[in-house]
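Participant: So the chains spell out like this:
There are 2 protein chains.
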Amino acid sequence: MKKADEQEKLRQIEGGVTAARGFTANAISCGIKNPKAERLDLALVYSTEEATTSASVFTTNRMRAACVQVSEKHQRAGNLRAVIVNSGNANACTGARGLEDARTECRRVAEELGLKVREVGVCSTGVIGLPMPMVRIEPRIAELCAGLAQGKGHAVASAIITSDTREKEEAVSFTVRGKEVRVGSCCKGAGMICPNMATMICLIATDAAVERAELKKLVRECVETSFNRITIDGDMSTNDTCIVLANGASGVRLAPGKPGWNTFRAAVQHVMLQQAWRIVKDGERITKFVTVRVKGARSAAEAKAVAKGVANSSLVKSSWNGGDPNWGRIIHAVGYSSHSVNPEKVDIDIAGLPACRGGVQADTPCDQLRERVQADSFEVLIHLHQGACDHTVYTTDLSPEYVDFNRSEYAYWNQAKQDGLTR
Amino acid sequence: MKKADEQEKLRQIEGGVTAARGFTANAISCGIKNPKAERLDLALVYSTEEATTSASVFTTNRMRAACVQVSEKHQRAGNLRAVIVNSGNANACTGARGLEDARTECRRVAEELGLKVREVGVCSTGVIGLPMPMVRIEPRIAELCAGLAQGKGHAVASAIITSDTREKEEAVSFTVRGKEVRVGSCCKGAGMICPNMATMICLIATDAAVERAELKKLVRECVETSFNRITIDGDMSTNDTCIVLANGASGVRLAPGKPGWNTFRAAVQHVMLQQAWRIVKDGERITKFVTVRVKGARSAAEAKAVAKGVANSSLVKSSWNGGDPNWGRIIHAVGYSSHSVNPEKVDIDIAGLPACRGGVQADTPCDQLRERVQADSFEVLIHLHQGACDHTVYTTDLSPEYVDFNRSEYAYWNQAKQDGLTR
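These protein sequence lines are chains A and B, in that order. Heads up: the first sequence runs through residues 1 to 423, numbered per the numbering used here. Heads up: the second sequence runs through residues 1001 to 1423, numbered per the numbering used here.
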C-alpha cells in the first residue's frame, strides 16, 4: 500500500535521459550499425555537475565485453560523469585490442570534456567477436563532445537501439518540500540484438543528490525486481549494463529515512520496471507479453527456478505463440525446474481461469481458456502450495519469425571484412 | 581401444525389439493417436522365458506420468516380463484416475498372460493432462495379448512413434564361446511429441542371461552416455523411460569379469547410442545434427553445464539453422553456463576449423567456416583449458518450422472432448 502511495506522487514527464536538469547529450551517425544508411549509432550522455555520483550493474556472464570490464573498473574507482555508447558492435570477445579500444573511447571523451578517464563509462551493443571499427569512431569523438546540448535525449534513445522497433524512454518527476526532482532514462532491448546479442543497456539520469553508497544499494535492489525479472530467450548477454547518474542539480539531497527517499525509490523502480516491460514487449518478433507468477514455493530459489523454467521453455513459448492454453506443457516445465515440487499440489491459472487443480485438469472448458490466451498479454499463475515464497518473471512467446530473424549475422561479418577487421 | 575392439565383434541384425530369441510382440490400432486413421497405437512386448530379468531408467522430471510411477513400482518389486505401450496419450498429470488406468492396463495384460501384475510394465506417450481413453484401450487388451507372435518387432516400432517421421530399430548380435547372443530394440523420439511431449521410450530385449543387479548397473551406465547426452529443446519429459529385458533364451550367462561381458556392454552401449542419435536426427523439423564436445573443464559438472548451455541456447541453435558459424553466440552461451570459465583461455573449433582462439576470433576465413556449417552434421569443440574433464552432448538446430509445429495441440483436446474426457 505504501509503495502504491509513493507511486501516486510520480508525474510522467518528457525528455528521456536528459529530462533531469544538468544533463546534456549528443548522438551522431558513424556507420557502425550500417555504413550505407544514416543511422545514429554513437551517443554521449554528460552530467554538467561536478558533484555527480553514479552506480552501475553489469552482466554476470563470464564473457564480459571489453566495455563492461572498463566501465566497471571506472565505476569502482569513483563516480562516472559521462557515458559513451555505440550500437552495431558489442566489443565483446575482442581480447586485448577490445580493452584498448574501450579505453581509447573513454580517454578521448575525457580529453574533450576535461574529465578524468575514470569518470567516463563506455557501453557497446551489437555483434559479438568482431573488433570495434575504431576507424569510424575515434575521429568523430571531438564532434560528438562538441555537440553536447540539452534536450537531445531522444537522439540518444535512437542511437543505442539496434533490432528494437522503437525508442525506449521513460521519465518522471516528483516534489520534495516544494522542489522538483526528475528521473529520466533511455534503454535498448534484450530481444537479442544485431540481429542478436541480448545486449540490454539502460542509462538513468536524475538531478537528485544521492550518496554513492546509498545509490548503489538502491540501484541493485531496483534492478533485481525489474531487469532481472525479464527473459525473452534465456540467453544472458555479455554486455548487459545499467548505469545511474545522480547529479544533484535539483538542489534536493535524498537519503534513506529522510523526506522524499521513498518516493525517489518508487521513481527509480517505476522507471526500471517500465523500461524492462518495454524491452519484453519489443522482443524480437514476439506476439505475446506473458507474466509468469509463481507462489507458494519452499524457497526463493525454487520460486525463481520454476518461474524461469516455465518462461524459458521452448515448448511452452511455442504454445503461447499458437494461442494454445497448454497447461500440460507448463506443468511439465515446472516438473523439471524443481526437485521438490509436489505434483499433486500444483494449481495453474491461465489468464485468470483455473486450468489445473491439484496437478490435474481443472473444470474450465478448454474453449474458454483458449479464448483468453488469444489476448496480447496475460498472466500464468502457478501455485505450488508448499511454502510462502514467490517470484515473478515477465516474458514472451517464441515465434517462427524469431528463429528466422536470428538465423544469420552474415551481413555484419561481410561489413567487417570490408573494414579489414576480419578475414 | 578396447571398447573399439569389442564393438568390432558386433554384427548388425534385423528384427528390432524381437530380434532376440524368446520375445514375442503385437501391435494394434485403437484410435488413441487418431480415431479416424488406422494407425497402430497399442503395443505389447513379452518374454516367453520365466527367468527374465529386467532393469529400467525413468525420467527425473518431478511430474512423473502415471505409467512411470506404476512401472517403477513394478520394476522395484522384481523383474518385468511384459511391457504394454500406447501412443497418443501420455497419461501424465492425470491424478488418481491416471494411476488407476495404468494399473488396469497391467492387470488386464497379467490376466491374459498368466503373469503377476508386477511383472508387467506400462509406457505411454502423447499429450499431457488428458485422461487415458480407456474406453478405447481396455476392451482391446485380450486381442492384443492373443496376437503375440515372433517377428512383430517392426509393428511395435510403428505403434510407439508419434511425431517421429520413421520407426527406430536397432539390433546386434555377437558370439560368446560359439553361442550367439542378440540385443534388439525399438524406440521413439524426444523431438517432442504429439505434437509435443519429449516423451522418449526405449525398449531393449536381449536373450542373454544377466543377474538383475548387474543388468541395472550396466543399463544406468549406458543410459548416462547415450540418452542422457541428447537434447533437442531442453525440455525434459514427464514420461522418459528405458526398459531392458534379459531372458536368457540364448543359453549364455553373462557377468562382469566373465567372457563376453565387455562385448555385451559394448552391444547395449551401441544400441542405446544409435537410438539416441536417431532420436536427435529425427527431432521435430530439425535440419542439423550437432555434436557439442567440451574439453578441459575443471569439473564434470562444469563440462556438462557448458555443453548443455550451448546445446540449449535458442540463439546458437537459430544460427545453426541459418548455416551461420557464429562462434560469438557460442562463447556467449559458454559465459553464462559456467561461473569459473576463463574467457581468455577459450578455444572453439567449428566443424574441424579454428573459429576462436583465446577468447577472440581465430584466423580462419569466415567463408571457410560458413561452408563447413552448411553440412547436415558437424561438431563444435569447446576447449576451456582449465582442467581435465570433458562432456559431449548431441543436439540439433532450432527451426522456424519447429516452433510452427508446436504451436497448438488443440486437435487433441477436441478429440478428448468428443470422448467425454474433457469439457
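Think of the hints as simulated: they come from the structure by calculation, not from any bench. Quantities reported herein were computed from a predicted structural model and do not represent experimental measurements. Careful, some of the hints might be misleading.
Claimed, not checked - Below, computed lysine-lysine pairings styled on BS3-like, alpha-carbon distance capped at 25 angstroms: (1) Lys308(A) / Lys1304(B); (2) Lys73(A) / Lys1345(B); (3) Lys217(A) / Lys73(A); (4) Lys345(A) / Lys36(A); (5) Lys304(A) / Lys1304(B); (6) Lys116(A) / Lys216(A); (7) Lys345(A) / Lys1308(B); (8) Lys1345(B) / Lys304(A); (9) Lys1216(B) / Lys1304(B).
Said to hold, decoys possible - Away from chain A, derived, C-beta distances all over 10 angstroms, residues of chain B: (10) Arg1097; (11) Glu1100; (12) Glu1138; (13) Arg1177; (14) Arg1253; (15) Ala1301; (16) Cys1389; (17) Pro1400; (18) Asp1404.
From the three backbone atoms N, C-alpha and C, an ideal C-beta is built for every residue, glycine too.
Participant: Against each hint, give a clear statement of whether it holds in the structure.
Facilitator: Right, here's what the structure says about each hint:
1. Lys308(A) / Lys1304(B): Roughly 20 angstroms between the alpha carbons, so the hint for Lys308(A) and Lys1304(B) holds.
2. Lys73(A) / Lys1345(B): holds, 21 angstroms
3. Lys217(A) / Lys73(A): holds, 18 angstroms
4. Lys345(A) / Lys36(A): violated, 58 angstroms
5. Lys304(A) / Lys1304(B): Given pair Lys304(A), Lys1304(B) holds - Cα atoms ~22 angstroms apart, limit 25 angstroms.
6. Lys116(A) / Lys216(A): holds, 21 angstroms
7. Lys345(A) / Lys1308(B): Status violated; Cα separation ~30 angstroms.
8. Lys1345(B) / Lys304(A): violated, 32 angstroms
9. Lys1216(B) / Lys1304(B): holds, 24 angstroms
10. Arg1097: The claim breaks: Arg1097(B) does not keep its Cβ more than 10 angstroms from every Cβ of chain A (closest is about 8 angstroms).
11. Glu1100: Holds, since 13 angstroms exceeds 10 angstroms.
12. Glu1138: Per Cβ check, Glu1138(B) is outside 10 angstroms of chain A; nearest 20 angstroms; holds.
13. Arg1177: holds, 45 angstroms
14. Arg1253: holds, 39 angstroms
15. Ala1301: About 15 angstroms separates Ala1301(B) from the closest Cβ of chain A, which puts it past 10 angstroms; holds.
16. Cys1389: Non-interface label on Cys1389(B) holds, nearest chain A Cβ at 17 angstroms vs cutoff 10 angstroms.
17. Pro1400: violated, 4 angstroms
18. Asp1404: violated, 5 angstroms
Of the numbered hints stated above, those contradicted by the structure are hints 4, 7, 8, 10, 17 and 18, listed in ascending order.
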